[in-house]
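Q: Residues per chain, in single letters:
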Amino acid sequence: MSSTWYSLIGLASGVAFILALKGLSHPKTARRGNLIGAAGATVATLSVFLYVTPGKDGAEAHSLPIHNLGWILGAIALGLIVGVPAARKVEMTQMPQLVALFNGVGGGAAALVAIVEYLNLGDTATTAEVIFTVFTVVVGCVSFSGSIITFMKLQELMTTRPVVFPGGRFVIAGTLVAVLGVSVWVVVALGTTPLLVLAVLSLLFGILFVLPVGGADVPIVISLLNAFTGLTVAASGYVLSSTLLIIAGTLVGASGTILTRLMAEAMGRSLFGTLFGAFTAKPQAASGTAEERPVRSGSPDDVAILLNYARRVVIVPGFGLAVAQAQHTVRELADLMISKGIDVAYGIHPVAGRMPGHMNVLLAEANVPYDQLAEMDEVNPTFGQTDVAIVIGANDVVNPAAQTTPGCPIYGMPILEVNHAGNIIFLKRSMRPGFAGIENELLYDPKTMLLFGDAKASLTKVVSALKAL
Amino acid sequence: MDAMAITSIFVLSVFVGFEVVSKVSSTLHTPLMSGANAIHGVILVGAIIVADHSENNLELGLSLAAIVLATINMVGGFVVTDRMLEMFKPKKEGQK
Numbered sequence: 001m002s003s004t005w006y007s008l009i010g011l012a013s014g015v016a017f018i019l020a021l022k023g024l025s026h027p028k029t030a031r032r033g034n035l036i037g038a039a040g041a042t043v044a045t046l047s048v049f050l051y052v053t054p055g056k057d058g059a060e061a062h063s064l065p066i067h068n069l070g071w072i073l074g075a076i077a078l079g080l081i082v083g084v085p086a087a088r089k090v091e092m093t094q095m096p097q098l099v100a101l102f103n104g105v106g107g108g109a110a111a112l113v114a115i116v117e118y119l120n121l122g123d124t125a126t127t128a129e130v131i132f133t134v135f136t137v138v139v140g141c142v143s144f145s146g147s148i149i150t151f152m153k154l155q156e157l158m159t160t161r162p163v164v165f166p167g168g169r170f171v172i173a174g175t176l177v178a179v180l181g182v183s184v185w186v187v188v189a190l191g192t193t194p195l196l197v198l199a200v201l202s203l204l205f206g207i208l209f210v211l212p213v214g215g216a217d218v219p220i221v222i223s224l225l226n227a228f229t230g231l232t233v234a235a236s237g238y239v240l241s242s243t244l245l246i247i248a249g250t251l252v253g254a255s256g257t258i259l260t261r262l263m264a265e266a267m268g269r270s271l272f273g274t275l276f277g278a279f280t281a282k283p284q285a286a287s288g289t290a291e292e293r294p295v296r297s298g299s300p301d302d303v304a305i306l307l308n309y310a311r312r313v314v315i316v317p318g319f320g321l322a323v324a325q326a327q328h329t330v331r332e333l334a335d336l337m338i339s340k341g342i343d344v345a346y347g348i349h350p351v352a353g354r355m356p357g358h359m360n361v362l363l364a365e366a367n368v369p370y371d372q373l374a375e376m377d378e379v380n381p382t383f384g385q386t387d388v389a390i391v392i393g394a395n396d397v398v399n400p401a402a403q404t405t406p407g408c409p410i411y412g413m414p415i416l417e418v419n420h421a422g423n424i425i426f427l428k429r430s431m432r433p434g435f436a437g438i439e440n441e442l443l444y445d446p447k448t449m450l451l452f453g454d455a456k457a458s459l460t461k462v463v464s465a466l467k468a469l
Numbered sequence: 001m002d003a004m005a006i007t008s009i010f011v012l013s014v015f016v017g018f019e020v021v022s023k024v025s026s027t028l029h030t031p032l033m034s035g036a037n038a039i040h041g042v043i044l045v046g047a048i049i050v051a052d053h054s055e056n057n058l059e060l061g062l063s064l065a066a067i068v069l070a071t072i073n074m075v076g077g078f079v080v081t082d083r084m085l086e087m088f089k090p091k092k093e094g095q096k
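So the sequence lines, in the order shown, correspond to chains A and E.
My numbering puts the first residue of the first sequence at 1, with every later residue one more than the last.
My numbering puts the first residue of the second sequence at 1, with every later residue one more than the last.
Among the hints, a few may not be true.
Stated by the list, open to error - Just a few of them, taken from the derived set where beta-carbon distance is under 10 Å, the chain A residues facing chain E:
{"id": "1", "residue": "F17"}
{"id": "2", "residue": "L24"}
{"id": "3", "residue": "A30"}
{"id": "4", "residue": "G33"}
{"id": "5", "residue": "T42"}
{"id": "6", "residue": "I66"}
{"id": "7", "residue": "F102"}
{"id": "8", "residue": "E365"}
{"id": "9", "residue": "L442"}
{"id": "10", "residue": "A468"}
As the list claims (entries may be wrong) - Derived list of chain E stretches under chain A, where covered just means 3 residues or more per stretch with a C-beta under 8 Å from a C-beta of chain A:
{"id": "11", "region": "14-26"}
{"id": "12", "region": "30-39"}
{"id": "13", "region": "52-65"}
{"id": "14", "region": "71-84"}
If you're looking for bench data, these hints aren't it; they were derived computationally from the structure.
A virtual CB, placed ideally from N, CA and C, is assigned to each residue, including glycine.
Assemble the whole structure, with the sequences as input and the hints as a guide.
A: So this is what it looks like as structure tokens:
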């Protein structure tokens, strides 16, 4: 294949990626958009097998097939064997951490590509190529190790609270200075050792950068690292003279940055605060108060009676609902209430679940009609006329501390104002605080009733009690 | 490739990237992030190119590792995004 054809195919793939992102921005075209992107990526991958990309100056140009073809195909097969079943089998509740992991391995791949090309170019690398290589290695490694930490936080393999240790910010700042210093060293001195030192330091910085991020901010960090990986792909596109990689990487970098900002806005977080939280975070006393305080807990029958005489009920689903796989039972309860003439709506917090839009995916899976799903801005003014708000496995997204307690980790996050409803029912497994690790005053409110237990089991009991009334 | 052409491509791509996602509802944030995540999996193209350039076992080993990781990123990313979006399809057939 001539280089013209190769470039044209690359251009077509770039256009496919633009159309993919455009399609993904609208619910109707989202699925098609994703498929267009997949088609573009497939065509781009096939085209590399049909064209030999010139290597370093002076290396003899070889003819097709490309070198190491068997190894390459084997590695792709291995990637497919690992990636496809993981993506197919993952529970929708665990999907955010899988996306984080995919992003991390992408960053790692970009860093490896840059390292190999650097080793290969040796002394023939231009200064510009070395600078872009250094950028790719640093940001790719940060994205890799940072994503692993976000994965561990979401999978709850480690604490979801901000991890802050005394003097932490100095360690982080010191690591950053070291990364920058070694970067300069690589550019000036060239050599394999400084580059490997740089990779290790960058991996360390990625870990330190994400550790102080609290549970609620993790999706924003994933989105940011996603944008980072995009930029590394663009930078390796420069080193490899691949227009396609430059276009694709830059698109993801730019759209990822915008998306990160949109997410931060939806969650009421300052992007700056999230990014530089690592430098400003102070060790906080654990806020989990151990004192026993009275709560009002009820039985499924109490809940059913309350619901039976309500005119308007708002259901607030949270991650606990997803974990208990209770979305179908919730729908059953909602249908039953509607058949009794009760006005029912679902109040969906933008970050209900683990990521923006996560809860919509789960409820759509349970065939909940779209028109019953109300976004936060629609549903908040109606809580004054709502008789009962049922909070199922949610906590932080209804915690009034976000409005009343400056300095708490979720302060400033918009919440669903269930505290304005006539009665509040919390379906909870235990008194354990939510993902952000903050106590919820609302649990002790006199108009709150708690129904302890697994969300699905509790809801099933409520449904049968309500049927009996 | 000359630096000016690359800079032009870069700057224009930045604007396109900003433009295409500037208005998107929070419902689609997660699928959009996941789709963008899959797109940067095209680093697979770069990984294959460096595997072709590899001159010794170290280079080949590292580039094969990059191919495995990039394939996981790209293919896994598109598949999981499709699964998320499958949930949004219009329901004509009623109950599943």
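Q: For every hint, state whether the structure bears it out.
A: Verification of the supplied hints:
1. Interface restraint check: F17/A against chain E, minimum CB-CB distance 5 Å, threshold 10 Å, status holds.
2. Here the hint on L24/A is kept, as its CB sits about 5 Å from the closest CB of chain E, short of 10 Å.
3. Hint on A30/A holds. Least Cβ distance to chain E is approximately 5 Å, under the 10 Å limit.
4. With its C-beta approaching chain E no nearer than about 7 Å, G33/A sits inside the 10 Å limit, and its interface hint holds.
5. Given hint, T42/A at the interface with chain E, holds; its Cβ is 9 Å from that chain's nearest Cβ, closer than 10 Å.
6. The beta carbon of I66/A comes within 4 Å of a beta carbon in chain E, closer than 10 Å, and the hint placing it at the interface holds.
7. Residue-level restraint check for F102/A holds (minimum Cβ-Cβ distance to chain E is 5 Å; threshold 10 Å).
8. Proximity of E365/A to chain E holds as hinted, the smallest CB-CB distance being about 5 Å (cut-off 10 Å).
9. Interface hint status for L442/A: violated, as the beta-carbon distance to the closest one in chain E is roughly 23 Å, over 10 Å.
10. Using the Cβ-Cβ criterion of 10 Å, the hint placing A468/A at the interface with chain E is not satisfied: the shortest such distance is roughly 25 Å.
11. Here the region 14-26 of chain E counts 12 residues with a CB under 8 Å from a CB of chain A, which clears the bar of 3, and the coverage holds.
12. Coverage of the region 30-39 of chain E by chain A holds. Counting CB-CB distances below 8 Å, 10 residues qualify, and the rule asks for three or more.
13. Counting residues of the region 52-65 of chain E whose beta carbon lies closer than 8 Å to any beta carbon of chain A gives 11, which reaches the threshold of three, so the coverage claim holds.
14. For the region 71-84 of chain E, the stated coverage by chain A is satisfied: 14 residues place a CB nearer than 8 Å to a CB of that chain, which reaches the threshold of 3.
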